[in-house]
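Peer 1: Listed below are the residues making up each chain.
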Amino acid sequence: MATGLTLIFGVMDIINVAQGIFVILGAYLSYALSVHWGIDPFVGLIITIPTLFLVGIVVERVFFGRLKGPEKTAMSILVTYAISLVIEGGLNMIFTVNYVQINAWYVNKSFKLFGVWFPYIYVFGFIMAAILLGSLYIMLYRTRFGASIRASLADQTAAALIGIDVRRVSTICFGIGIAITAPGGMIFGATNTFNASTSYDLISRLLTIIVLGGMGSLGGALLAGILMVTIEDLVGVIWSPVWSTMSFFLVLVIVLSVRPQGIFGKKSARVA
Amino acid sequence: MNRKGKLFRVLAVTSVTAASIVTMATTSGASSSGSIAKGAPVTIGISLSLSGDFSADGLAYQQGYKLWAADVNAAGGLLGHKVKLDIVSDASTPTQVVTNYQKLISVDHVNLTFGPFSTLLTLPAAQTVNRYGYAMIEGAGGGPSVFQAGLKNVFDVTLPVAYDLQPFATWLTSLPASSRPKTISYVTSNDPFTQPVVQEAQKLIGSKVKTVYSKVFPAEATDYTSIADAVAAAKAQVVVLGSVDVPTVSAFMQAFEQAHYTPEAFIATAGPDQGAPFIKAVGAGNADGMMVPNSWYGGSKNAQSQKMVAEYIKLYGGTAAGVNADIAEAYSVGQVMARAVTATKGFDNSKIIKYLHSNVTLNSVQGSVKFNKLGENTAQTAYTFQWQGAKFVEVNPVGDVGSSPVLFPKPAWGN
Numbered sequence: 003m004a005t006g007l008t009l010i011f012g013v014m015d016i017i018n019v020a021q022g023i024f025v026i027l028g029a030y031l032s033y034a035l036s037v038h039w040g041i042d043p044f045v046g047l048i049i050t051i052p053t054l055f056l057v058g059i060v061v062e063r064v065f066f067g068r069l070k071g072p073e074k075t076a077m078s079i080l081v082t083y084a085i086s087l088v089i090e091g092g093l094n095m096i097f098t099v100n101y102v103q104i105n106a107w108y109v110n111k112s113f114k115l116f117g118v119w120f121p122y123i124y125v126f127g128f129i130m131a132a133i134l135l136g137s138l139y140i141m142l143y144r145t146r147f148g149a150s151i152r153a154s155l156a157d158q159t160a161a162a163l164i165g166i167d168v169r170r171v172s173t174i175c176f177g178i179g180i181a182i183t184a185p186g187g188m189i190f191g192a193t194n195t196f197n198a199s200t201s202y203d204l205i206s207r208l209l210t211i212i213v214l215g216g217m218g219s220l221g222g223a224l225l226a227g228i229l230m231v232t233i234e235d236l237v238g239v240i241w242s243p244v245w246s247t248m249s250f251f252l253v254l255v256i257v258l259s260v261r262p263q264g265i266f267g268k269k270s271a272r273v274a
Numbered sequence: 027m028n029r030k031g032k033l034f035r036v037l038a039v040t041s042v043t044a045a046s047i048v049t050m051a052t053t054s055g056a057s058s059s060g061s062i063a064k065g066a067p068v069t070i071g072i073s074l075s076l077s078g079d080f081s082a083d084g085l086a087y088q089q090g091y092k093l094w095a096a097d098v099n100a101a102g103g104l105l106g107h108k109v110k111l112d113i114v115s116d117a118s119t120p121t122q123v124v125t126n127y128q129k130l131i132s133v134d135h136v137n138l139t140f141g142p143f144s145t146l147l148t149l150p151a152a153q154t155v156n157r158y159g160y161a162m163i164e165g166a167g168g169g170p171s172v173f174q175a176g177l178k179n180v181f182d183v184t185l186p187v188a189y190d191l192q193p194f195a196t197w198l199t200s201l202p203a204s205s206r207p208k209t210i211s212y213v214t215s216n217d218p219f220t221q222p223v224v225q226e227a228q229k230l231i232g233s234k235v236k237t238v239y240s241k242v243f244p245a246e247a248t249d250y251t252s253i254a255d256a257v258a259a260a261k262a263q264v265v266v267l268g269s270v271d272v273p274t275v276s277a278f279m280q281a282f283e284q285a286h287y288t289p290e291a292f293i294a295t296a297g298p299d300q301g302a303p304f305i306k307a308v309g310a311g312n313a314d315g316m317m318v319p320n321s322w323y324g325g326s327k328n329a330q331s332q333k334m335v336a337e338y339i340k341l342y343g344g345t346a347a348g349v350n351a352d353i354a355e356a357y358s359v360g361q362v363m364a365r366a367v368t369a370t371k372g373f374d375n376s377k378i379i380k381y382l383h384s385n386v387t388l389n390s391v392q393g394s395v396k397f398n399k400l401g402e403n404t405a406q407t408a409y410t411f412q413w414q415g416a417k418f419v420e421v422n423p424v425g426d427v428g429s430s431p432v433l434f435p436k437p438a439w440g441n
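Residue numbers (the working numbering), protein chains in the order written: chain A, 3 to 274; chain B, 27 to 441.
Think of the hints as simulated: they come from the structure by calculation, not from any bench.
The structure presented is a predicted model; accordingly, all values stated were derived computationally and were not measured.
A hint or two may mislead.
[Said to hold, decoys possible] To be clear about the criterion: a stretch of chain A counts as covered by chain B if any three or more of its residues have a C-beta under 8 angstroms from a C-beta of chain B, and this derived list gives those stretches:
| hint | segment |
| --- | --- |
| 1 | 23-34 |
| 2 | 244-252 |
[Claimed, not checked] Okay, the calculated beta carbon distance ranges per label pair:
| hint | chain 1 | residue 1 | chain 2 | residue 2 | range |
| --- | --- | --- | --- | --- | --- |
| 3 | A | E73 | B | K371 | 55 to 65 angstroms |
| 4 | B | S430 | A | Y139 | 50 to 60 angstroms |
| 5 | A | I96 | B | A336 | 50 to 60 angstroms |
| 6 | B | A416 | A | M130 | 45 to 55 angstroms |
The beta-carbon is built from N, C-alpha and C at its ideal position, and this holds for glycine as well.
In isolation and in its complexed conformation, chain A is listed as follows (with noise of 0.2 angstroms):
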């Protein structure tokens, strides 16, 4: 999910605020083929992910296109935040305000391994990241389009001059983030009740992500990522619940007081 605003910021210095709302979007749609087709959240995602791919494609080229010059990152934001309450509304209209599940057979169960139980989702989850998290690895480093789309995250003036389509590339990347949000919605809307208002608490702490990892680093968006869930439950199983958000932010105003570009952020470019 984090990987997807970093992603888009990265290429096109567009802050992102309603990505934590296309993540409800892609697990309402999970949600709906499951009730209603009775297609399996993880078969689903070939339904969704290009659904959603699509969707960002539409986004992009019919609010982005026209926004350029220095003022492009913080009326990225008003836009994003305008289209975020747009699809709140209609994900209320169409789902209700009342709260839903994703569920499957391995949604609550889980299995004993060295003595620990490992629940079936997170399993699942974690697999599905690390397949995706490579593919995504290998499209950026081992491909000719990948090569494009990291010459635009260094410099996009320096990618138009020798010849990338900095517009085209920049359409296929916000497409590939808001496409990501569909498996990463999938297995949110499996481990928590959900309904659309539920995106403002995804979207602060994506946000957070991505500050700490440094902006526009995909790297960094991951290490960051992990960080927050290990140091938040580490202090609430250790120590206590009550301190376990904090700590996390204490950590991020520590790392930002001595690097301030985040931790694999560069002040003069964005590069992973």
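Use these hints to put chain B onto chain A, whose structure you have.
Peer 2: Using the frame of chain A, we list chain B on its own:
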């Protein structure tokens, strides 16, 4: 003019403008004396959480208020004036709820106000309307912080939450020593509604059941897995959870099932009382045996309640067990206001406040209502309800005519 001079002038103009706006807002629009022209509707201002964390409850409250207004209007309105509800959304935030009531009173000139959802929002809302001399009748602000504020204008039609777990504690501690659980875990959100309830239960149960886990988690937490896993690891026979909504309870239930831990008794302060939305979120099999304190349920024998439930089902479908307790709370707010308006023969908020403080006992779909000087409803009884199969039944107080035996121990998850 130099830069400092310009800055000073801008500041001076801004200050005067702001002061004027504040003065206008606090004096011109507000009218709590409540004379209404013949044929004009009586407008009731309400801020509800139609988005944000409390949106599910906010929607249920909206349905309850609208159901009451429809019934009143069908019977000719309040003193011949049709009721018009002016509902605005506060997105579940305490800052927005203040803005909303200021706007409702000073801009929209509503005649009366009803409360928002949750203790968290009721306190700032009641303080705001108090400045304008308005009465705030509400049904979801039962946390001690609301009453400790010393406001004279707040009236909670529901039982104060501090007493919520009393029947459960009495039932648990009165079990014969041989069958009484030996261990208990307390875990609660640091919300002003849940924490006092759980602390009171802990005090009542005391050392009769050994506490093996007692922790508070932040209200803003979104991932409960580690906390729930820690509770599961403590393996207490009883779990008391201070929750404000369905997602919190659902997260603990899911984590417990994944950890293959089924407490013999599991009570949550809120969530299981949401009726159909709770069942939809957690599944009927998992709900079996879940307990929740409340002062009302869909199967109540109260004649007014039965009429309201029938109307609700006709309008929205479902069953009596699936009717959210929020509906009854909101409906009761309307009923109490209607009785106060009728008794005072007008919409004068100061007279309404005085009347409600006069030790008068009123009726509502939730039962009797009588306010003490703090605005707490002292006439209601606390109950514990439990999901037993598809039914939501009263299980305590033990010995009460309507109480069924407690399903104990709780069946395993996913039955």
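Peer 1: Now tell me, hint by hint, if it's right for this structure.
Peer 2: Results for each hint:
| no. | hint | result |
| --- | --- | --- |
| 1 | 23-34 | violated (count 0) |
| 2 | 244-252 | holds (count 4) |
| 3 | A:E73 with B:K371: 55 to 65 angstroms | 60 angstroms, holds |
| 4 | B:S430 with A:Y139: 50 to 60 angstroms | 59 angstroms, holds |
| 5 | A:I96 with B:A336: 50 to 60 angstroms | 28 angstroms, violated |
| 6 | B:A416 with A:M130: 45 to 55 angstroms | 35 angstroms, violated |
Going down the numbered hints, you'll see the structure goes against 1, 5 and 6, while the others check out.
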